[in-house]
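There are 2 protein chains.
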Amino acid sequence: MGVTAAKGFRAAGVTAGIKASGTPDLALVVNDGPSLAAAGVFTFNRVKAAPVLWSEQVLKGGRVSAVVLNSGGANACTGPLGFQDTHATAEKVAEELKLNAGEVAVASTGLIGVRLPMDVLLPGVTLAAGELSATGGEAAAIAIKTTDTVHKTAQVTSPAGWTVGGMAKGAGMLAPSLATMLVVLTTDADLDAAALDAALRGATRTTFDRIDSDGCASTNDTVLLLASAASGVVPDEAEFAEAVRTVSADLARQLIADAEGASKDIRIDVTGAATEEEAVDVARTISRNNLLKCAIHGEDPNWGRVLAAIGTTTATFDPNELDVAINGVWVCRNGSVGEDRDLVDMAGREVVITAHLNAGEASASLWTNDLTADYVHENSAYST
Amino acid sequence: MGVTAAKGFRAAGVTAGIKASGTPDLALVVNDGPSLAAAGVFTFNRVKAAPVLWSEQVLKGGRVSAVVLNSGGANACTGPLGFQDTHATAEKVAEELKLNAGEVAVASTGLIGVRLPMDVLLPGVTLAAGELSATGGEAAAIAIKTTDTVHKTAQVTSPAGWTVGGMAKGAGMLAPSLATMLVVLTTDADLDAAALDAALRGATRTTFDRIDSDGCASTNDTVLLLASAASGVVPDEAEFAEAVRTVSADLARQLIADAEGASKDIRIDVTGAATEEEAVDVARTISRNNLLKCAIHGEDPNWGRVLAAIGTTTATFDPNELDVAINGVWVCRNGSVGEDRDLVDMAGREVVITAHLNAGEASASLWTNDLTADYVHENSAYST
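Line order of the protein sequences matches chains A and B. Per UniProt numbering: the first sequence = residues 1 to 384. Per UniProt numbering: the second sequence = residues 1 to 384.
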């Protein structure tokens, strides 16, 4: 049920006609309150799409009454006219639902550098407004897909009577800090915008920020958390933060599992680091090594490429004290040959690479995927 | 003629039997003087192969009488025993040629994490010593190939009577600062080690440091410059520096042209940058964007991916003032849609991407290549 798992939310997903394929391409999520508290996290990319610039402003007010999302066009690098298109979209939602446009967040995904077809998008908003329902979460999740092969939802319900649910899209350009993704999380718990912001940033830091499919950062990444307070329950903040983290981790894992062209999901565990920051830096560097990603695709436990990647970082370590395990077999000990590489079984989809730096007590995990010919095909023909 | 184009040098390339394929795998370059002045530049990777650790020590003395290079094994991540293998190789060269082992540089390339087969390598040194000749430059260039499809040599002769020549290998792991490469440059000009070092560092900075095939830095990168002074001519330093730069640029261009699986050679020109450092940073970031590299492979002038890459840097620019041309067509103006993308002809092998930052007067160029299914195939099966 995703974004409609929590009470107080309605959603819809419709085919506006933005995509040539004729598949659903416009989603609407509405918060019926009583609270409209919200928080958001956006791409760190300095080239930001018009909807990101718009929604960043909306979120400064800490209130969101509705989110309109479209696939089929990113509305990025479209200049002042592209920004006007985003503005007009929010105004249309406000008009249909009798809301304040300044509280309507907008998110877009698709090709960069192409204007949105407003002649079909705006009627699509009207259509979606008419289809809003408390069971529309799945339709909304379907409508935001681009090259995703499946739609992604998740939810957690607390014994205390509140729920956190969400939906995500993203299969390519999963990236440095937020992946290419649009994520909407909803809850019927009663929290103010500041508490939501703290919970969302805490969750994002160790979930969406710890997946890195191909190192490319989107211009459109958006993660929103909306609270309706419809359950009437003020949650324990620690329990709520953990619930947001659980839903985020679930969605992040689904994103990696559906990464473009991937045949292996790779978890990189860096242990024995001097600091968590260094552990993340090492994990991210390993995750972006194309040679290693190709080797994993070929089920080749090529630990030398792991060491070569670690060697390009500034993290604290002695090259002669590095240990590396692949799926539990310590193929590298003390920076040199360890256990027999033939003992490594890489037949499964999930591969775990453990890099022990022997430099401290900190650790971090990050998910990535292999590099495949399918990735090349999908991304060399994407715009044609 | 490569390394034997300059007077005072002999070289050989033989099949020692290190490679299972039975192709040449051991090269020897000898400086017969009268001078033995030399300079070297090595990988910035902190995980350094045994021959790099050895040769860095040799070069501290500023004198090199011979260089022994092998393909078929990198001797990286092989521990203290691997270092002993490098030492033994240098001693063998010294013994065969009556030299000081402390003036014999060693370079290796091939798989990481595997010991070298010293039982065939050492007899190979004897064989190579017996085949040394003043016309052996080509055989040496052939013997250092790994996945290279062609061997690479270059030379420049000054009207003043001296020559700079060289050979290079490298087709994969072309990287952050030095690419995966072994390069030996020779000259019969008369310069001391300090002058050679200045010329080599100056040349490397704008040639081997400005190619980046796949962002992966090797554990073995080595660039050496040996001077015999056999011409008897003390060169004009500026002219000599320019000659070293010309030979280095020629070899670097050959490396990119032979990058693993590539179908397009891509030059990235960043102009209008605030500083040269920022121009290089932007160029390198663009060159490592897998999505863009796939698009170029598909002959898709996807300028949005150029902007998305620029946006992840910390360089000085305003997103609304970025201009991007692909093969001379300014498809992006002021951060938005520019000339018709259908005007871009990408049929040729060479593609030029120009990113104008409108932030200053500095510029830099960097070469990379596209990302292809062939790259994936070659690197997923490399060690098997």
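Keep in mind that the hints are not guaranteed to be accurate.
No distinction is drawn between identical chains; accordingly, a pair holds when it is met within one copy or between any pair of copies.
Stated by the list, open to error - The list that follows gives simulated cross-link-like pairs (lysine to any residue, SDA-like), each with its CA atoms no further than 20 Å apart:
1) K264 to A381
2) K7 to T135
3) K7 to S133
4) K264 to G348
5) K7 to A241
6) K98 to E361
7) K60 to N100
8) K7 to A160
9) K60 to E103
To be clear, the hints were calculated from the coordinates, so they are not data collected in a lab. Predicted, not measured: the structure shown is a model, and the values here were computed from it.
Within, between, both or neither: K60, E103 at alpha-carbon 20 Å: within (10 Å within a copy, 66 Å between copies)
Copy assignment of K7 with A160, given that the CA separation must stay at most 20 Å: Answer is within: at 14 Å inside a copy they meet the 20 Å cutoff, but 86 Å across does not.
Up to 20 Å CA-CA - G348 versus K264, copy category: Only inside one copy: K264 and G348 sit 8 Å apart there, 34 Å across copies, limit 20 Å.
Alpha-carbon proximity context of K60 and N100, limit 20 Å: Intra 15 Å, inter 71 Å, cutoff 20 Å: intra-copy only.
Intra/inter-copy verdict for K7 and S133 if alpha-carbon distance must be at most 20 Å: Intra 11 Å, inter 84 Å, cutoff 20 Å: intra-copy only.
Within, between, both or neither, where K7 and A241 count as close if Cα-Cα is 20 Å or less: For K7 and A241, only the intra-copy Cα distance (18 Å) is at most 20 Å; the inter-copy one is 73 Å.
20 Å Cα threshold - placement of T135 relative to K7: Within one copy only: 10 Å inside a chain, 83 Å across chains, cut-off 20 Å.
Same-copy or cross-copy closeness of K98 to E361 [CA-CA at most 20 Å]: Intra 54 Å, inter 52 Å, cutoff 20 Å: neither.
Homo-oligomer pair classification [A381, K264; C-alpha up to 20 Å]: between (22 Å within a copy, 16 Å between copies)
Violated hints amount to a single one, hint 6; each of the other numbered hints is respected by the structure.
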